[in-house]
Amino acid sequence: MDILSDSADMSAYVDGFMWVLRLTITSAIASFILGVILAGFRVSPIPVLRGIGFLWVSAFRNTPLTLIIFFCYFALYSTFGLKFSGNITINNFWLGVVGLSVYTASFVCEAIRSGINSVPVGQVEAARALGLTFMQVLRLVILPQAIRSTIGPMGSVLIALAKNTTIVGTIGVIEASSVMKGLINDHGDQVIPIFVLFAGTFAVVLIPTGYLFGWLSNRYEVKR
Amino acid sequence: MDSSRRHPGIVAVAVVVLVAVLGFVSACSSSSSDSTQSAATGDGGIIAKAKTGKLIIGVKADQPGLSLLTPDGYEGYDINIAKIIAAGLGVRPEGIEWKTTVSINREPFIETGVVDLVVATYTINDARKKVVAFAGPYYTAGQDLLVRADSTITGPEDMAGLIACSVTGSASALRMQKDFPDVQLQLFDSYSKCVTALSGGVDAVTTDSIILAGYAAQPHNVGKFKLTGREFSREPYGIGLAKQDVAGCNRINEILVASAADGTYDAAFVESLGPSGLKPPVLDPAQLTNCPTS
Amino acid sequence: MAEQQALIEIDHVNKWFGELHVLKDITLNIERGEVVVLLGPSGSGKSTLCRSINRLETINDGEIRFDGQPLPAEGRSLAKLRADVGMVFQSFNLFAHKTILENVTLGPIKVRKDKPAAAKEQAMALLKRVGIDSQANKYPAQLSGGQQQRVAIARALAMRPKAMLFDEPTSALDPEMVGEVLDVMVSLAEEGMTMVCVTHEMGFARSVANRVAFLADGQLVEQATPEEFFADPKSDRARDFLAKILTH
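Protein sequence lines, in the order shown, are assigned to chains A, B and C.
Per the working numbering, the first sequence runs over residues 1 to 224.
Per the working numbering, the second sequence runs over residues 1 to 294.
Per the working numbering, the third sequence runs over residues 1 to 248.
By construction, these hints were calculated from the structure, which means they are not laboratory data.
Some hints here could point you the wrong way.
Claimed, not checked - Label-pair ranges, simulated between beta-carbon atoms:
| id | chain 1 | residue 1 | chain 2 | residue 2 | range |
| --- | --- | --- | --- | --- | --- |
| 1 | A | S7 | B | T293 | 29 to 39 Å |
| 2 | A | I29 | B | G161 | 23 to 33 Å |
| 3 | C | E74 | A | V14 | 22 to 32 Å |
| 4 | A | P47 | C | Q5 | 29 to 39 Å |
| 5 | A | V48 | C | K80 | 19 to 29 Å |
| 6 | C | R129 | A | P120 | 19 to 29 Å |
| 7 | C | Q5 | A | P120 | 28 to 38 Å |
Unchecked claim - Below, simulated BS3-like cross-link-like pairs (lysine-lysine); rule was C-alpha separation at most 30 Å, straight line:
| id | chain 1 | residue 1 | chain 2 | residue 2 |
| --- | --- | --- | --- | --- |
| 8 | A | K83 | B | K178 |
| 9 | B | K99 | B | K83 |
| 10 | B | K279 | B | K99 |
| 11 | C | K98 | C | K162 |
| 12 | B | K224 | A | K83 |
| 13 | B | K83 | B | K130 |
| 14 | C | K162 | C | K110 |
| 15 | A | K83 | B | K226 |
| 16 | B | K178 | B | K129 |
| 17 | C | K110 | C | K128 |
| 18 | B | K99 | A | K163 |
As the list claims (entries may be wrong) - To be clear about the criterion: a stretch of chain C counts as covered by chain A if any three or more of its residues have a C-beta under 8 Å from a C-beta of chain A, and this derived list gives those stretches:
| id | stretch |
| --- | --- |
| 19 | 82-89 |
| 20 | 102-113 |
Note that CB positions come from ideal geometry on N, CA and C, so glycine has one too.
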């Protein structure tokens, strides 16, 4: 195959996946933190916080990511002037991270919430009966078990996130799918191999990721 | 839950990766062979296909003035040109099946016979000539900048540090990157987003003048934007068809020459892009030399 | 003065689950050092009553006082009250992600603010007392039901509670494990622990309880010493109940 024999094409390919990696890692960290906080909101005894958590999840989980990313550029940046950097690529990267994180956090929140629901209510009662406060029950009894039973679903969320980063291409971060479009435009005779190369790269990285999370999930499963 | 753990293990992972890699390699090695199939057109080429009274023509759907899908159907300059060619081949407008294409699927659509012809701001270049045949050019555009009406930008040299907007993977974007590396490039998947962002976020939109003129002439944009009027490239637009259809290619060139003579060629432009202020092109038969020779 | 006052005072308590009136005007005092067994057919409200003493169930009407203080509604003061009332559940409810030792030290360290070393020492002593000290580093799922329930008792005792609530502590156990749990409860009672027990173990009620309270349909039908209650129940409901369980 000759597309990768051209060093410019090769470096475009590598750059594209580096952007996917950067977007994935940054958004994964941000959405995990945000998702844990939101999950805490959703199970908290305070109605206002429960409401915020519910609204967040309902709003962002049910909005197409394309629209959210579009909104980040055209509303946050274009209209309201939110600017992270004078460098447009860096700026678009962070706009993308904002969009990916608010969206993915809603899935993280729901994964953790279902993890929380999987902790037997009896253990929560036992913890309360010992005199632990709500925050202590959450921190010491519920979350450690919830997060373990969330490892599997979290793997799916991470894999979806990695693939979703390609949507940030629509606001101008030259990630893998944008590079792919460019290469196809330049090499119209090699559409299929280029496609297979990019899809294959995702698969080669993400399939083992799926297995890793499956293994971790078994390894750290709480035995009941 | 008991402790009966399964071991998906390293073997399964290795197998999956191996299959993925093998599949990838085999797909690569088998696909660079020339694609000679042409399901829609068949071996007889477009002349034979036109005898059935039907043609499938790939056009863009999102370029005002040139080729825009509206509730009333497709309209614009490319559509008018496509109708002239269809008529020249003996196909009535009702016999044309329009098919929306985007920049990246034009070659694949021709190669795999999804469409018979492509009339879609399709710049003739050598890389593409390896895969498809080009009749024309029927128009020669040039890359230009669309800026806000009050902008002082007169060309890409004025834009160091500023933001120009174009479409991911387009020839215009690549040219900006290569020739004007000081200009920051915002990339979207469509020019309409670029034009939206021109109101806030980017300083110029760059692509072929004729495309920009179409956006500038849209009713809701009139008076807000202007072209700098300095083209810094040549983009000859051709009509794409299957590479082996030499007869069909030559026939289209004859149709273009005839239409220039009877005035329909001129009318096609005036009807669609007249309001943009661009001058109608004059067809130069001496340039219709892009058809394959064998 | 406090010597005269009952440790747990249940004063005209009513509770509804929607339309269902599950506790009907119940008044019951439990003295310091007293062992009270709550008996009754299933659905009689005995578990609900037991759980309302540390406010795992809220009540709609009436008042419950512990050590002279009405039960706080929420927050830290409620948590503080719960720390003084040990509870043992039917389904053990050990923390599945923590070792046996950690289960027993969690409350003392986090609620009583004991030093970890002191908490561990106390925990090992309690585990030794219930006969599980050799399993201290295992996880709950590795223990039998009887062992888990003994750990649950140790966990509750680690808080140095003023009273212990037992909500059907042996009902989820295989028969051969009931004895080991009852043995621990008997020894607690002998030490003078104030205990409220919901149980179907008539042997335990007969030999250990100071008093038996019989509930049916949410009402406290009668209360008496076990000798009186088992020999000569006053109400038809109690006679009925005893006839059913003692014929088998």
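*Determine which of the earlier numbered hints do not hold for this structure and return their numbers in increasing order.*
Those not satisfied come down to hint 3.
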